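Q: Mind docking chain B on chain A? Use the hints.
These protein sequences, in sequence, are chains A and B.
Numbered according to the working numbering, the first sequence spans residues 5 to 459.
Numbered according to the working numbering, the second sequence spans residues 57 to 266.
It is worth saying that the hints were derived from the structure and are not from the lab.
Owing to the predicted nature of the structure, the values given are computational and were not obtained by experimental measurement.
Examples of chain B residues lying across from chain A (beta carbon under 7 angstroms, computed):
#	residue
1	Glu116
2	Glu122
3	Ile123
Every residue, glycine too, gets a C-beta built ideally from N, C-alpha and C.
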Amino acid sequence: MISLLASPSVCVIDDDRADYEPILSALNGLYVSSIHIVGTSDSLPEKPFNRLRLVFLDLHLTGAIGKTSASHTANVFRKVVSSDSAPIIVVIWSKYASDHVDTADLPPEDQETETQLFKRTLLEAEPGYTDRLIFVEMAKPKADDRPEDWTNTLKSEINRSLQDQSAVEVLWAWDGLVKDGCAKISQDMTSVAQNAIAETSRNLKDGLKATMQHLSKAQSAGDFSAATAPKHLLTTLTQLLVDQLEHPTGIAGIAPHGEWLGSAQQGVVPPEFSGKMNGFLLTSDNGANAGLYAPGTVFRIKDPTKFPTIFGKQMSDLLAICFKKSNASPRWLDWQRDARPVLIELSPICDLAQGYRVNSLLVGGVVVPASYREFAKVDGDAFGGLAKFHLRWPIDNFPEQEVILLYCHRYKATLPAEQQADWLAPWFRLRDLPLASIRNSNAAHGARVGYVSLN
Amino acid sequence: MMLHGAEKILEELRAAANKGESQERIKALVDRLYRAMRPVTNLLKNPTPTKTSASALIKEAIFSAEIRLQRHKIALINGMDLGNKDFPIQGSKQMLVASVTNLIDNSIHWLESKNPKQKFLYLGTTNEIEGGLAIVVGDNGPGFGSDDPDDLVAPFFTRRVGGMGLGLYIVDEVMRVNKGRLLFPMEGDVGLPDNIDGAVVALQFDEIKK
Numbered sequence: 005m006i007s008l009l010a011s012p013s014v015c016v017i018d019d020d021r022a023d024y025e026p027i028l029s030a031l032n033g034l035y036v037s038s039i040h041i042v043g044t045s046d047s048l049p050e051k052p053f054n055r056l057r058l059v060f061l062d063l064h065l066t067g068a069i070g071k072t073s074a075s076h077t078a079n080v081f082r083k084v085v086s087s088d089s090a091p092i093i094v095v096i097w098s099k100y101a102s103d104h105v106d107t108a109d110l111p112p113e114d115q116e117t118e119t120q121l122f123k124r125t126l127l128e129a130e131p132g133y134t135d136r137l138i139f140v141e142m143a144k145p146k147a148d149d150r151p152e153d154w155t156n157t158l159k160s161e162i163n164r165s166l167q168d169q170s171a172v173e174v175l176w177a178w179d180g181l182v183k184d185g186c187a188k189i190s191q192d193m194t195s196v197a198q199n200a201i202a203e204t205s206r207n208l209k210d211g212l213k214a215t216m217q218h219l220s221k222a223q224s225a226g227d228f229s230a231a232t233a234p235k236h237l238l239t240t241l242t243q244l245l246v247d248q249l250e251h252p253t254g255i256a257g258i259a260p261h262g263e264w265l266g267s268a269q270q271g272v273v274p275p276e277f278s279g280k281m282n283g284f285l286l287t288s289d290n291g292a293n294a295g296l297y298a299p300g301t302v303f304r305i306k307d308p309t310k311f312p313t314i315f316g317k318q319m320s321d322l323l324a325i326c327f328k329k330s331n332a333s334p335r336w337l338d339w340q341r342d343a344r345p346v347l348i349e350l351s352p353i354c355d356l357a358q359g360y361r362v363n364s365l366l367v368g369g370v371v372v373p374a375s376y377r378e379f380a381k382v383d384g385d386a387f388g389g390l391a392k393f394h395l396r397w398p399i400d401n402f403p404e405q406e407v408i409l410l411y412c413h414r415y416k417a418t419l420p421a422e423q424q425a426d427w428l429a430p431w432f433r434l435r436d437l438p439l440a441s442i443r444n445s446n447a448a449h450g451a452r453v454g455y456v457s458l459n
Numbered sequence: 057m058m059l060h061g062a063e064k065i066l067e068e069l070r071a072a073a074n075k076g077e078s079q080e081r082i083k084a085l086v087d088r089l090y091r092a093m094r095p096v097t098n099l100l101k102n103p104t105p106t107k108t109s110a111s112a113l114i115k116e117a118i119f120s121a122e123i124r125l126q127r128h129k130i131a132l133i134n135g136m137d138l139g140n141k142d143f144p145i146q147g148s149k150q151m152l153v154a155s156v157t158n159l160i161d162n163s164i165h166w167l168e169s170k171n172p173k174q175k176f177l178y179l180g181t182t183n184e185i186e187g188g189l190a191i192v193v194g195d196n197g198p199g200f201g202s203d204d205p206d207d208l209v210a211p212f213f214t215r216r217v218g219g220m221g222l223g224l225y226i227v228d229e230v231m232r233v234n235k236g237r238l239l240f241p242m243e244g245d246v247g248l249p250d251n252i253d254g255a256v257v258a259l260q261f262d263e264i265k266k
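If we strip away everything but chain A, and leave its shape as in the complex, we get (with noise of 0.2 angstroms):
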């Protein structure tokens, strides 16, 4: 049970106890939790950690300087930072984190100084890091020359090191709004559960278990048992924590940012920026326990004689539909070797929730390159297709890149929810937002209205 506090956002690293003390200590004095890893092979966790928001990281953990200590500090680093956290602010102390490292052929102005050398090694062993860490360095004096209240000064060098950092600030600030989201939540339980044991002679422990019954009982509209009660109880404690935090209150930890984010940009962005920016709000990955036929999860097609039995049409008459030019254009072969046939998984999230879904709802679609958006059919009752954006999971002969997609509600099954079909394969997911556009659409196109009417 303890594992599940094991979340640290903070961490220090360093070997030498004259140094990790202090800093521990001023870390302490400001209510910072952190943990500390001294930087042999034996002290590192079994895997990185992913919350990670900040790490103080002392360049020199043995007994070697140069090369070796830069491969061993980076070795240490990417067993205790996973490279898909991000972003991290890395504080390099180290007493040498300016001093030139001797390379024979180099006069000492042109050598690499320890941090710059820590770095390249860091970056050329774990690529994945890159732009994802955010490089501060704070002053480490020599022993002789530190302060005697050396822990106060740290805790003033820690803030100092920390300036400028708006940006990551504001991560921070909503961070700890979910964390105070999370709190409100369990106290607001904890009084219920209060309530429940009331002139009894049950405990907390008891009243606890109690509320999260009824909670979960409440959300799963009969359908309550072992199996599914979790994830009842997951979506009420889920919609009370959404809840939490678009109270108006939540905006008072970001509200002081409101000067900068308010004014104009900055600088341009590069052309891609759209689409990955797109491909961050509307689509993720599948997630491992996404379950069968997880609502927005969008298949590809393994194998394209199958998809005949269900839909009774080629999946080549598909590719055609959401072609907007003829077969005669030049293109259509492009587009017939590019696109890729989908379907997208449509079911209202209730109906899974509370257990009622019998039958998957897929809709039809094409994922294809950017460079088509030409040649998409998205007009009329029957057609759609998502803003342009970056998609990040490859698969055989389609590389990640920026595509769109596009939806053709005519081509719709639906398949026993139970039982995943052997011919297709999840691919990515589209979140709720985007899911719940293309549902309403299918559900408009559904209901469309038509009257005879005699004279």
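A: Chain B only, in chain A's frame:
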């Protein structure tokens, strides 16, 4: 232990100061002295002897060098994985690990210099050398040629272009302080994988008395 290593630079520094040489020259000598002393001052960060083992030292040294070995495409042969015998060691773990990584650093340098089709580095232990169990570091680089072992551990002796010639000297000193010795086994003295036909160095330890 490093005093007479730095002596040469100190003498130059004193002479330069006495002659009233330029500030730049004195600054350069101070910088050289600082650089010469850094490997030693860092090495001495934690000289406290503790109980450790050959396998622990080898594991830590491999961890330190892992990224470098990958970068230089050097295949590691770990004798401990091949059933080499582990043995206890009493000494400063940090100094001894630094000594092993120093030997690995030499191997990387000379393997790059010779650049064989496949570069191999071997780390293991042996009981085949008279005088005690030893950690062995070997490679398939150019080897030591006809260099005399006494020269190899002399301060400022180096075949590396731009090298300071302090690495093996420091390792030798570290071994002496930690009740052991640095040895250069001859071909056939120690059983090694066939691929290891270059430099072979051994860190031999006196047996710990119970």
